[in-house]
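A.B. asks: Based on the sequences and whatever the hints tell you, model everything.
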Amino acid sequence: MNEVGTSLFRSRVTALDGPDKVTGAARFTFDVILRGMLHAKVLRSPHPHARIVAINTSRAEALPGVVAVVTGADAIKLPDPYYGVAIRDQPVLAIDRARYIGDMIAAVAAVDEETAYRALALIDVRYDLLLPVTTIEEALADGAPLLFDAPAAGAPIKLGDGVTSLKEPRPNVLCEFGYAKGDADAVLAKSDHIFEDRFRFSRINHFHLEPYVNVARVTGEQIELWSCNQDPFVLRGDISRIFGRPANNIRINASYIGGGFGGKSFCKMEPLLVLLAMKAGRPVRLCLSLDEGLLTLTKHAGILTLKTGVTKDGRLTARRSEVQLDGGAYSDASALTVVKTGYRITGPYRWDAVATRAYAVRTNTVPAGSFRGFGGTQASFASESQIDMIARRLGIDPYDFRRKNLLAVGEPFQPGDSAVDSDLGGGLDEIVERLGYRQHRRSAAQGHKARGMGLSIGIKDGGGTANHAQALVKVLPSGRAIVNAAAVEIGQGATTALSRIAAETLKLPLDCVRYGAIDTDHTPLDNGTHASCGTAVTGTAVMRAATDACGQILEFAAEQLGCRADELQLDNWTVRRGNHAHPLEPMIVEHFGGAGFEFIGRGMVKVPNDPRAPLGAASLFWMPSWVGAEVEVDRETGKVRVLQLVVGADSGRSVNSVACRGQVEGAVLQALGQSLFEELRYQGGEPVNATPLDYRVPHAADLPDHYEAVIFEYGGPGPFGAKGIGEAGMLGVASAIANAIHDAVGVRLTEIPFTPERVLAAIEASS
Amino acid sequence: MRAEAGDGGAFMAGGIDIVNRMKFGEPITEVIYLVGLTELGAISDTGGGLRLGSLVTHHEIETCALVRARFPELAQTWHDVANIRIRCKGTIGGNIMAADPNYDFALAAMAAEAHLDFLGQDGAVRSVSAMALGGLSAYGLLTGITLPSAARLRLAFDRSLRPAITLALGLDVEDGKVIGGRVAIGCAFPAPVSLCLPISEPLSSREAVERAAILARDHAASLPEPVTNQHASARYRRQMIEVLLRRNLATLAERIT
Amino acid sequence: MTADIDITVTINRRTYRLNVPPNRIFADLLREDLLLTGCKIGCDQAVCGACTVLVDGLPVTACTTFAFELDGTAVTTIEGLSEEGMLHPIQRTFLEHSAFQCGFCTPGMILSVKALLEHYSDPDETTIRQWLDANICRCTGYQMIIEAVRAAAKAVAE
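Residue numbers (the numbering used here), protein chains in the order written: chain A, 1 to 767; chain B, 1 to 257; chain C, 1 to 158.
One thing to keep in mind: the hints can contain errors.
[What the hints assert, rightly or not] Below, a sample of chain B positions facing chain A; criterion: calculated Cβ distance under 10 Å:
#, residue
1, F24
2, A124
3, V125
4, A164
5, R235
6, V243
7, L244
Hint data in this document are derived by calculation from the structure and do not stem from the laboratory.
Glycine residues also receive a C-beta, built at the ideal position from the N, C-alpha and C atoms.
C.D. replies: As structure tokens, this is what we get:
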């Protein structure tokens, strides 16, 4: 185990959800069946941009076995048929326009999937084709067709003082973020060198193996959903608003989620399903295919232009950045992504001045939204590539260049924000050592293959912004506990980590604690399973709840024993007073009788708002990702083989170190895939490979020869010093590989993926 | 049976192709399930070469002792084709009849100049050269593939650049000299394409190695225009055909004694 | 379409005589008729391997297999691995090595590993990677799965 640090939790534990998962007993939303349940299918637009002139569903409705059909005509009757984060422009179902190939136009509920499919073919839609805009450049061109006729509902994200946050500032621009520190132009003008470089980032799909699947049941006043959504309470709020129904009569039930990566956050097709279930008068299940999943959400592609000033001896001075993200047809989480990309573009470095403008452009392509590490991934690729480029241009070793400019522990990321809490230089040194960076000599071209090494430090703020969570911990008379919190298990290990935190606080063995089922009626509110906040934020709420329960337990025992609570200590469901041990269960049974008594501890946490912080709250913790890569490039074919990947991340103090390692390794491989081959490709408005057979994701055979995750423990604000780590592995991989390719063959790739053809073209262009 | 089934009918062996085609909406209403016909699954010795039944699986190509002995490069390459599930269930006959340029067995058959046996609807058996692939389903049911004598044939495969291009190379060898050969290219054209190598006189091993670059260049130049798709451009494919052919020719020729 | 077909298939050591429509997909039969819901359907087109089951010891995607193809075969699903409540060594090593995260690919992955260890008693890293090429995992990055497989190889040999 690669660990540098001292966590409280040294022993290795079996994941609490493990036995279910290795025996096939684990139930996912995919497995939910309700009696009388109908099956739904969605009709999708075959056009990237079109006005919907007429929809005739009569033939579909007449098909035996079809129970209900819904279209935009049903959606428009809803109190508020739009959703999106901050800016709500996505309709429950297309109302007057289709805005991308795959846009949801109509939906059918039938007795089985086959009938539903047949019914789709019987829905007649008349489209008036409109000119699509399918790239950032096309969408921003003068006179470009507009995706929306009128402003969307919602408001720009509220940020800190002096930070720009605009909603729909220009045609086909969804939102804009602007940040400035000092006078960037003045500082640039005085700098010894100014370098301007442009980078292109690609779109990939989350490709979680459990498809998007939901079951909805509407009975009278009550709406109930079984959903694979990562954010049950956010979803409840949206359903309440969209349907004009009180939130206390809407229940969202969560199960294990078969992979999320941010793709299952915020509204997707749940409102559509509720609409259909209302009309059908029976429960309805909608399970998308993975093909449809590819047409539901992607990571933001984008163009990042960085103008960076530096002194002749390699000190960074100022950076002016323009970040253009391709938000696709609808808002989804673009407003958040814009803010985070813009804010993180400065990387882990010290700057005299900064000027950043970041905005999301509307195009007739699949909506882009939250994808593991969002903003940090795009920003790190551009920033860490340019850092290397600048170092090379100045004749400075990229390691030395980074070391010279890194923020130190205790230095604020930006004025008003929290201080960096990881040893950025120390982490880099460890990676450099394990990679063998110092021993490496750039090999002379041996035949047609060349080897090179590259470094990178990605960074993002972690834990969300101004985040909050609530939790309950119930302790039963027998000393068993149930943790009630709504951090949903998506594979990140929330079940085990939160149970471990409760067990440690209550001084109970881990196998006495169970993570309770999640539904919005019974589980306390959580702001969503994302932003790597489960351990640090929800975990804090759980720890406080467990602490509260301890207090109540000791108060009870003190009363029974006729002493003060502060004379007592809790240990393994026994109360100790001096040398005497008093088991709790008999005390409880004696006092209460009957069914006994449960101690219910309550906890909550709220990261304070702070208008002086650029994002409106100081960042809870910092999540760096140190990457060392070694590649071999075939000069004649352009094929890149990754020989070594050494990746470091900071868990603060691991609550479950094995899970931390798994999260880093999983994220790194996703990032590796995107760096070399994975991409949702478009030709104009048409997605070219939106089917699993053609959409290649990493397999076991894609692993580098040597692959190592290093978990640092520099301490964090969460329980027992924890941070979050789930997104870290995404951040630095692409730039490290780009830097290694440059080291090997002297060419710079500023666009991902680094396909053999692209690499070869760059090699040929340079010679 | 096939004639009775009409347009909605299809032969099915491993079913890898059929089930996917149906899921994507192809109106197949009758399936003629071949798996019970064990005689189509045999591998037999023709005295030098091999006859492979059309229902032989990819896994059997990889593991059968006779294939490994006669055509070791074929067996070794087949260890990597697709994945273990597809290799166990998919058949070489189904692979060829799918006529997919990304599939591999047609390339092997072309490089080896194999012969394909078909059972027509009229009951007659026809043997067709693998080099003449095209419009295959018109011939009827593929029953077997005959590979020529291994003593005269050397095979090499290069799948390192798929899905941009895959390549199978077959050299005919007599008295220790290369007297001819074929190159089959996959992934780069709408269908698998094979051409004979422009070898006009017997070449010793050393001569063949030295001439590899020129042979590759001339051969690549004589091919039709490759396709441009999401995986690669025509230009890149044409370049890589030459590079991979040169490399594989040199490596294969060097081993001839 | 022809009439329903009678098939006899042994699943997890129990023999079933079933009457199935010719186009019944085996994954649906397992999940809906036999309530063996450990078989998860991901891509539904034989790419991801989540629905992998073993047919006469060989890994097969249940989502692209017709029920009629199983006539006369012996099938193992994830539910059939443990015997009398005792976990199979592969399940144990997956637990010990945390070789899973979300768990959706896990049943198919474990069955694929079982087939691997029946073909190779001590597979090396390359062999494991190539075999597991048939199973996509989006969560783990595969490394910890491979470690679990190497440990399982030793455990199975004992």
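A.B. asks: Which hint numbers does the structure go against, in order from smallest to largest?
C.D. replies: Violated: hints 2 and 3.
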